[in-house]
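Colleague: Spelled out from the first residue to the last, the chains are:
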Amino acid sequence: MIHLSNIVRLYGQGENATYALGGVSLDLPPGAFVKITGASGSGKTTLLNIIGGLDTEYSGKAIVAGKDLKILNDRELSGFRQETVGFVFQHFHLLDHLDALQNVALPSFFAKDDRPSPLLRAEEVLTRVGLKKKMRSFPGELSGGQKQRVAIARALFNRPRLILADEPTGNLDTQTSSQIISLFESLNREDGLTVIVVTHEDHLFQKASRSVRLKDGRVAEEAPQ
Amino acid sequence: MTFKKFRRFTVQNIRRNRKNFIFSGFGIIAGVSSFIFFVALGNGIKRVVAREIFPLEANRIQVVPRLAGFDIPAGSREITAEALGRFSTIPGVAAVYPRMKLAVPATMALEGQRFPDEDLARIARLPGISPEMVESVRKLDLWMEIMADGIDPRLTKSDILFGPFQKPAAGEPIPILISRQLIEIYNASFAKARLLPPVSDILVPYVPAVTLTLNDSYVVRDLAGLKEHVRVKLVGLSHHALLGGVTMPLDVVREINRRFAGPKAAEIYDSALLEVVASDKLSSVQMAIKDLGFKIDESQKRMAESVGLAVTLVTLGFTLISLVMVGVAAVNIGHIFFMIIYERQREIGLLRALGASKRDIRSMIHGEAALVGTAGGAVGVAVGTAACILVNWIAVKLLPQFPFKPHQFFAFPVWIFAGGIALAVAFCLVGAFAPANRAARLDPASVLSGRG
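First to last, the sequence lines map onto chains V and W. Its first residue numbered 1271, the first sequence is counted upward by one per residue in the working numbering. Its first residue numbered 43, the second sequence is counted upward by one per residue in the working numbering.
Careful, some of the hints might be misleading.
What the hints assert, rightly or not - In silico BS3-like cross-links for lysine-lysine, where the CA-CA straight-line distance does not exceed 27 Å: (1) W:Lys306 to W:Lys269; (2) V:Lys1382 to W:Lys400; (3) W:Lys269 to W:Lys88; (4) W:Lys61 to W:Lys47; (5) W:Lys337 to W:Lys323; (6) W:Lys199 to W:Lys275; (7) W:Lys275 to W:Lys46; (8) W:Lys400 to V:Lys1340; (9) W:Lys269 to W:Lys209; (10) W:Lys323 to W:Lys88; (11) W:Lys447 to W:Lys88; (12) W:Lys209 to W:Lys306; (13) W:Lys275 to W:Lys209; (14) V:Lys1382 to W:Lys47; (15) V:Lys1402 to W:Lys47; (16) W:Lys47 to W:Lys234; (17) W:Lys447 to V:Lys1337; (18) V:Lys1485 to V:Lys1340; (19) W:Lys234 to V:Lys1331; (20) V:Lys1404 to W:Lys47; (21) W:Lys439 to W:Lys234; (22) W:Lys209 to W:Lys199; (23) V:Lys1382 to W:Lys46; (24) V:Lys1382 to V:Lys1340.
As the list claims (entries may be wrong) - For the chain W half of the interface with chain V, some residues (derived, Cβ under 7 Å), not all of them: (25) Val53; (26) Arg58; (27) Asn59; (28) Ala230; (29) Phe232; (30) Leu392; (31) Gly397; (32) Asp402; (33) Pro486; (34) Ala487; (35) Ser491.
Hints were generated in silico from the structure; no laboratory data involved. Where is the CB? At the ideal position from N, CA and C, for every residue including glycine.
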């Protein structure tokens, strides 16, 4: 599913240049549940952005779902993100002027084809994450856990094969965090999705099939759990 | 993104930022409305110039004799019946209308007390005629030397006439036409100061017949020959009539000239109006006329062009001011888009993560700009049109009468409304160009992680 070979990502130039990733190589099979941990600034988010095709300013080779991301043009890369990847962020990034249903259906605006009923699909995925009753609620009316569920539903909208979650429990309390973790586990187990979760808290996501620990932009430890 | 989705998405975004856009929309509305106002005013004035002051007829050429010159053989510069025949054989010429000036001086005495009482009573019954005006007509004692000419009656076929314009039967008055331009000057300047009734088409049938004295002059004394009194009756107003005199049927003038100035005076015309079948034949006909030794009289055309040019330049000046206003509004729109993009950069990053390409983002911003331009332009067109209607109403009602004062100061060519909206859209798109590119170039990874 994911093949990363000697990925180097540099921020800044000359003397001010800092390595976010200093030669990361990874092979992750389809259906894996991967937890990426590490201290703040260790390169976790950068790695996730490269896998998701959001960041292309790297050297090395990143092949995801059979596509070499480095050689794709902007349109192809957008298509890749649309069809293959679902992003979940720590700060949810929901649009306040849209209700939950419309937020979830947002990816349909950029789909190449004119799907007959994007709102039906949005309803379907909201039901999947247990938020059917909150479909018409606006983000301001939802709790942190509910917002994250809406964000997960939005990530599922285009039926991706890969879910990339960046600190998905970073803004949630312990109880809500465990509910969200269970949801990710269920998506991996029941829906067969490859899930990569970035977290700085080692004790979370105990059921991940694989754990990668980054330190100073390098893989410090990689082990099946 | 399909067009339907694109439209929905754009409308959604505009709604969200409506306060910002309403503010910048004021500039667009002001610019477009002033554009509509000045262009419509310029067109209205040009229309008056072209139709009333210097009426130009497309596909018609005024031919005059060429002035004597060393290279012109004697005789070739006179427009005779033979020359008219030659004109009519030029390919592309549809009709030839000769014109002949009266070869003898003539005077006219407008003595009000001589007008029949029943004629004055009929005038008094007309709308807009006050008893004071009728009294002024009765007291009128005006003596003037009159210039006159004769035209082919076929030329008057598009004029509204209140009697036949042709050689009259014995004992009947000679029908005459007066220039519409002359009437404008009379109504606005002469009549008003003397409390005389204004002359318009509806008054023409009520103007009494008056006496014209032929072979009489207040300028030249001791004219040889006998004076002759003829009665003339106004039958209509025409652009083809002599500007400073009266115009009779050509046959009448020809006969008077023969009687008073001899047979040659009845055979030489002063000008001829040539009607050309189509405008693409104009230049070839003009060439042929010049080859025959005649001159094209373009003084009317040149005057119309000069005035038209002056009006165009003034209109252009004001239009440029409008464009500057729309331009400033476009710069303002650009700033607002920069601000909005800054505020929405995380959202743009999110859209990129959800599958939007750079092109989608650029289109989204351009779409919003086009929508703001369309809405601002449409309101600007409406406001501009309303301002034209209001100003026209005020001008017609409150401005004092002046020569050629139109009933409609503004003219709206068909393109003006679409042009106003297109202008607004174009300027908004220009204003949004740089912000759209900036939005498209935003690095989604940076803005989503808060580094952007």
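Colleague: Would you check the hint for Lys1402 (chain V) and Lys47 (chain W), treating anything up to 27 Å between C-alpha atoms as holding?
Modeller: Given that 27 Å is the threshold and the Cα spacing comes to 24 Å, the pair holds.
Colleague: For the pair we were handed, Lys1404 (chain V) and Lys47 (chain W), check the Cα-Cα distance against 27 Å.
Modeller: Roughly 24 Å between the alpha carbons, so the hint for Lys1404 (chain V) and Lys47 (chain W) holds.
Colleague: Against the 27 Å threshold, does the CA-CA distance of Lys47 (chain W) and Lys234 (chain W) hold or violate the hint?
Modeller: The given pair, whose Cα atoms are some 66 Å apart, is violated under the 27 Å limit.
Colleague: Could you grab the alpha-carbon distance between Lys199 (chain W) and Lys275 (chain W) and see if it respects the 27 Å cut-off?
Modeller: 18 Å, holds
Colleague: Quickly compare the C-alpha distance for Lys269 (chain W) and Lys88 (chain W) to 27 Å and report which way the hint goes.
Modeller: Distance of about 45 Å is beyond 27 Å: violated.
Colleague: Could you grab the alpha-carbon distance between Lys400 (chain W) and Lys1340 (chain V) and see if it respects the 27 Å cut-off?
Modeller: 17 Å, holds
Colleague: Assess, step by step, whether the Cα of Lys439 (chain W) is no farther than 27 Å from the Cα of Lys234 (chain W), and give holds or violated.
Modeller: At roughly 17 Å apart (the allowed maximum being 27 Å), Lys234 (chain W) and Lys439 (chain W) satisfy the hint.
Colleague: Closer than 7 Å between Cβ atoms is the bar; does Leu392 (chain W) clear it against chain V? Give me holds or violated.
Modeller: 5 Å, holds
Colleague: Do the alpha carbons of Lys209 (chain W) and Lys306 (chain W) lie within 27 Å of each other, as the hint requires?
Modeller: 20 Å, holds
Colleague: Would the pair Lys1382 (chain V) and Lys47 (chain W) pass a check requiring their Cα atoms to be no farther apart than 27 Å?
Modeller: Holds, at about 10 Å.
Colleague: Given the hinted pair Lys269 (chain W) and Lys209 (chain W), is their alpha-carbon gap at most 27 Å?
Modeller: 21 Å, holds
Colleague: Hey, Lys306 (chain W) versus Lys269 (chain W), does the alpha-carbon distance stay inside 27 Å?
Modeller: The given pair, whose Cα atoms are some 20 Å apart, holds under the 27 Å limit.
Of the numbered hints stated above, those contradicted by the structure are hints 3, 7, 16, 17, 19, 25, 27, 28, 29, listed in ascending order.
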